[in-house]
Structure formats: structure tokens, C-alpha cells
Amino acid sequence: MATILVVGEQAHGHLKKATLSALTAAQQIAQKTGGQVIGVLVGVGAGEAAKELAGYGIPVHVVEGAAFDHALAETHSAAAAEVAKKAGAGEVVIAATAYGKDIAPRIAAKLGAGLASDVLAIAGANQFKRAMWAGNAIATVEVTTPVKVVTVRATEFAAPQKAQGAGTVTPAQVAAPQPKTRFVEFNEVKSARPELTEARVVVSGGRGTKGDFKPIEQLADVLNAAVGASRAVVDAGWQPNDLQVGQTGKVVAPQLYVAAGISGAIQHLAGMKGSKTIVAINKDAEAPIFQVADYGLVADLFKALPEMAEAVKKLQ
Amino acid sequence: MKILVTIKRVEDYESKIKVKPDNSWIVTDGVNYRANPFDEIAVEEALRLRDTNMPSEVVVVSVGPAAAAAEIRSGLAMGADRGILVKHDAFVDSDGVARVLKAVIDQEKPDLVLMGKQAVDVDDNVAGQLLAEYLGWGQATFASKKESLESPEEKAKKPGIHLTGDGRSPKGAAPVMSALVAREVDGGLEVLEVQLPAIVTVDLRLNVPRYASLPNIMKAKKKPIAEMTPQQLGVDVAPKVKVVKVEPPPQRTAGVKVPDVQTLVQKLHSEAKVI
Ligand SMILES: Cc1cc2nc3c(=O)[nH]c(=O)nc-3n(C[C@H](O)[C@H](O)[C@H](O)COP(=O)(O)OP(=O)(O)OC[C@H]3O[C@@H](n4cnc5c(N)ncnc54)[C@H](O)[C@@H]3O)c2cc1C
Ligand SMILES: Nc1ncnc2c1ncn2[C@@H]1O[C@H](COP(=O)(O)O)[C@@H](O)[C@H]1O
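Protein chains in written order, with the working numbering: chain A, 668 to 983; chain B, 145 to 419.
If you're looking for bench data, these hints aren't it; they were derived computationally from the structure.
Just so it is clear, CB atoms sit at the ideal spot from N, CA and C, and this is done for glycine as well.
Be careful, since some hints might not be right.
Below, in silico cross-link-like pairs of lysine-lysine (BS3-like), each with a Cα-Cα straight-line distance of 27 Å or less [stated by the list, open to error]:
1. B/K160 <-> A/K777
2. A/K877 <-> B/K386
3. B/K231 <-> B/K411
4. A/K777 <-> B/K386
5. B/K290 <-> A/K940
6. B/K160 <-> B/K389
A short list of chain B residues far from chain A (calculated; beta carbon distances all over 10 Å) [stated by the list, open to error]:
7. I249
8. A356
9. S357
10. N360
11. K366
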């Protein structure tokens, strides 16, 4: 009946949605093990974000202080591992975001735990499903260590319902290690659009755009969609890196995914084939993207996307 | 300055990957193997750092079957100086790899270790971070070039990782050196300064790796590869994470082709009900 610790993620006091997916996964593990779910948040704003997480009915620990201001893997993993140890956690669950991927292995190493990464489903008390070979295979893995660390793919776990009563929020005192890394700067890519991994609709462009994303953005505007891209596009520097959808970029599963000028390489499909409805617009009728698309349109995207934006506007 | 680069032998992403009928693994017959693409980017970066900094050496290491010597050779053909193969035929999980690498690093004492962010077979994205913790070192994951891959910096084959300090010891103390690394994180690019020795894992936008030239492929045949086993290094590689079953992914069936935009929007509205 060990405790299950959710290591949350927040920025400026706002809880990241992916944390709620981690919470759902933790609750599913709790159903198998009978353990109790608790949370921890680390860094500036953790106290504020903790209130939100505690609203789901779990006690949340907060680690704040100058030593934890920046999300350095060394300090944040140390804080989470110490809270896990004090709570006697049997499982530590984290969303597989850039932050989660950075810190989870260090937490596992500190706890002597086996780590199941980017998990799609909880298959048993110590068994988890995960994708391998760019999603060409789904493996069931068994973690053989007494303590387990699990990172979860947020798109596979819906956020839980808010609870009636909120859990407690308590500051945790943890020793701050002297890190060997120093934060220098963050070059934020500002965007007024919904976040790629959280949006209801995603409009993605590929090499077929030749770098001109105006038609993509126009359609995204009328659909209140996030903009995504293939690797070819970000490699060329046409769009910021963090818009890459795929095996080695972001995994998205919106209600609607529009792929325009994207051929549909397996590495791209790995990041979007969980979408509810997929639309492909490509001028090559043989493009592999059509094999996963619910609706395929063989057309020039520079003609089709503006037309589509107009047609959607008329509907609204 | 010594730079260690890890290379994993993985299934070629151009090969068709199919699950075995008994669900034990994937079919490996007829599949081509190659160096993990991220690791090639790591080798490229190591070579650029070597050739722009003080006298240095680039050592490539792989944990895997005897056949993984081919992937070490491919690193040597790109220009690395020597190789180390830690031979083990059975599956080693990323944690086992990290502990084997720690033992190698304890012997080799490199100043910088460059790894891929992810091996494209297991798609784990954990070995570098585990290794950093086992060593008690700093880490900078998902290293990228600040400039794009189409930038003049990349065209001039400049490294994306910048070393600071001159590597000399102030009054006999340990040399103070660090690496400035731009990292691909959610929402932008973060720059960290990490004290050496350190682990850096590389992302796709760090550089475009070179192809090995024919003369260099010939030269690589004479470069030394040391062989050892996990046992000799005193590492137990029994997996903490076992693969118990491998299944094909759920298949999405192709839908319909629509003749025009009007039909498409109609269907999205009244059939799929997503707009
Ligand atoms: C290790 C590794 C990891 C990778 N990870 C990823 C990843 O995470 N995500 C990812 O996306 N890729 C990834 N890739 C790259 C992937 O293999 C493909 O190269 C990439 O997805 C291709 O991008 P694309 O479809 O935009 O370009 P292309 O394959 O060049 O396709 C362009 C398409 O646009 C169409 N087109 C051209 N003009 C028009 C027009 N006017 N109107 C309509 N259609 C048009 C063409 O018919 C073509 O189908 C990875 C590769 C490797 C090796
Ligand atoms: N068997 C191996 N031999 C050498 N390097 C490895 C091995 N497994 C993983 N690595 C390194 O660790 C990185 C991340 O792998 P992983 O965490 O397993 O996805 C890879 O890009 C390699 O650089």
C-alpha cells in the first residue's frame, strides 16, 4: 500500500495540463495497488500551482526557494526524490514532457528504481504499455524493482474530475544540492495560439508549404487551432523547433488534425495517429498520409487551405 | 580534452518493422542496421569540437552484440579516433547501458560525453540522464544549435555547443571548463552552462552530420577498437525493465477521398462533427 507520487509541472504558478494526465495514470496505478496518490510541485510558483493540483483531492507538497528557481534537472530531481523517499513512494509518476523527460531518469537513479518511459497505458501493478520503433510496435514492459518511476504520454490519459474536497498543500523542506549547471537564458517562442499538445484542433504544414505558412495560419485562425509542423519544416528553420510533431517531437491527439503538404513518414505518423479525425491535403494522391486520413483531399494546399478557411467561416 | 560519444546499433528506420507472430520481439531477418541517427549527430559535434579546440581525442563506445563493431567503425569513418565495444548479446535496458557506460567512463575519464537524446529502437530518451545521475555530473539534454540548420554557422560547420574556459588549471587546481548548451524545451530554447565533465544529449537541430569519405572509411579499418564485457567491468546488466510482450499497433484504416473543399468541410461539420 505504498504511496504514489505525482511530480507535477508548472510555470509561473500555472499547473501544466499534462500533470493532470499524470494524475490520472497515478490513480489507475492506485486502483491496482491500493496505494494513496500524493503530489509534489517544485520551483517558483509551485505554491500557487499546488492549490490547483490539490483541487483534485490529493495532498500536495511544495518545494520552493531560490535554489529551485530554475528547472535544473539536478535540483528538481533531488527535490522530487527526497519527497518520494520521505513519503515511502512505491511509484513516481511524471508526464513525459521535456521537463519530465529531463528529470525522471535522475529521480529513478536516486531511488534505485526501474523506469518505464512514455507510457501509453497501465497494464498491471508493474506492467506498462509503451510504443517502440516509431510506434511500429507496442511493448508491454515489466518493471522489476520495488520502486518504479513512470513517465506517461499525456494524450493517452484524460484529465480526472475535480474532487469535492481539496487536499492539503504543505511546504516540504528539502536540502538543495549544489548544481553543476547554471541557467543562462530562455528564448521563449511567444504565440497567441493554443498550445500544440493541448489544442482541440491542430493544423500542420510540411515541406509542401515551401516555408510559406500563411495558408496554415489562416486556417488555424478560423479554427482556433494550434500550428504544427513536420521535421522537414523545422529543420529548414521555417518554424520553431517545438512545433515538430512526431516520434522525436511532440505527440498530439486533437479532435481534428489537418496535415497539409506532409507526406506521412512513419516518424510523423507516430506523433499524430491518435488524433480523432485526420484530414490530409496533398497534391500527390499516392502520399502515405492518405492511408491514415479519415478525409483525404488531393489538391494544392495553396488553393485548398484558403478555400477551407472561407468555408469554415461561413459555417460559423 | 577527451570527448566520449555513445553509438547504439539500431534497426534502420528505412526498414519495414514487423512484430513476430509469437509477440516476443520484432522480426529481425532482412532488417538493416545502422548507427542511431541521433548518435551520428553526437559524433559530428564531437569532431567539430575536437577540430576547433585544444588537442583532443574522440572515443566512440557501443554496448551491444559483436556486430555493433560495424556502427563503431562508422563513427571511426566519420573521423573518431578509437572505439570501445562492450559486448553483450542479450537485450540490455537503458539503465543497464547507463551503468556499463559509467564503468567505462570511470576508466576513460573523458571531459565531455555526447549522446543521442533517444535511441530510435526503444525510443526511451533516458540513458543520458541516468548516466549523469550515476556519475553525479551535470547534464544538458536536447542540445540544439541556436541558429538554424540553414544558417551560415551550420554551413561553416561550426559547433553548436560552445566550450568556455581554457582548460588550464588555476594554480594547480582542477581545470575549470564548461559548455554552453542551447536546449530544445517546450515553448522555446533554453541556454544552460554546464560544468565539465558533463553529459550532453543531442537533438536533431544541432548539426547535419557528415558522410564518411572513402579514404576515411579505409583509414577507419586500421583504427583500434577495444573489446570488453559487462562482467569484466563488474556490471550486472539484468534488466530492471523487461520487455514481456510486443504487439502490432492498432491500425487506422484509410477513410475516404473527398472531391473538393466544400465536401470536406461539409463532412467535417455534419459527419465527423469536429467543426
Ligand atoms: C531519427 C528520425 C526522426 C524523425 N523524427 C521525425 C518527427 O518527429 N516528425 C516528423 O515529421 N518527421 C520526422 N522525421 C523525418 C521523416 O522521416 C520525414 O523526412 C519528414 O516527416 C518529411 O517531412 P514532410 O512530409 O514535410 O516532407 P516530404 O516528405 O518532402 O513531403 C512533402 C509533401 O508535400 C506534398 N506537396 C508538395 N507541394 C504541395 C502543395 N503545393 N500542396 C499540397 N501538397 C504538396 C508532396 O506531395 C509531399 O507528399 C524523422 C526522421 C528520422 C531519421
Ligand atoms: N546499447 C547502447 N550502446 C551505446 N549507446 C547507447 C546504447 N543504448 C543507448 N545508448 C545511448 O543513449 C542514448 C539514448 O538512448 P535511450 O535512452 O535508450 O533512448 C542513445 O542515443 C545512445 O547515444
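So, going through the hints one by one against the coordinates:
For the given pair, B/K160 sits about 38 Å from A/K777 by alpha-carbon distance, which is inconsistent with the 27 Å threshold. Restraint check: the Cα-Cα separation between A/K877 and B/K386 comes to about 44 Å, which exceeds 27 Å; the hinted pair is violated. A hinted pair counts as satisfied when its Cα atoms are at most 27 Å apart, and B/K231 with B/K411 does not qualify at roughly 56 Å. Distance check on the hinted pair: A/K777 and B/K386 sit about 20 Å apart at the alpha-carbon level, within 27 Å; holds.
Among the hinted pairs, B/K290 with A/K940 is inconsistent with the structure: their alpha-carbon atoms are about 30 Å apart, more than 27 Å. A hinted pair counts as satisfied when its Cα atoms are at most 27 Å apart, and B/K160 with B/K389 qualifies at roughly 19 Å. Every CB of chain A lies more than 10 Å from the CB of B/I249, the least distance being 14 Å, so the non-interface label holds. In this structure B/A356 is separated from chain A by more than 10 Å, as the shortest Cβ-Cβ distance comes to about 21 Å.
At the 10 Å boundary, the C-beta of B/S357 stays outside the reach of chain A, the nearest C-beta of that chain being 23 Å off. The Cβ of B/N360 sits about 25 Å from the closest Cβ of chain A, beyond the 10 Å cut-off, so the non-interface label holds. Distance check for B/K366 against chain A: the nearest CB is about 35 Å away, which clears 10 Å, and the non-interface claim stands.
Comparing the model with each numbered hint stated earlier shows that hints 1, 2, 3, 5 do not hold.
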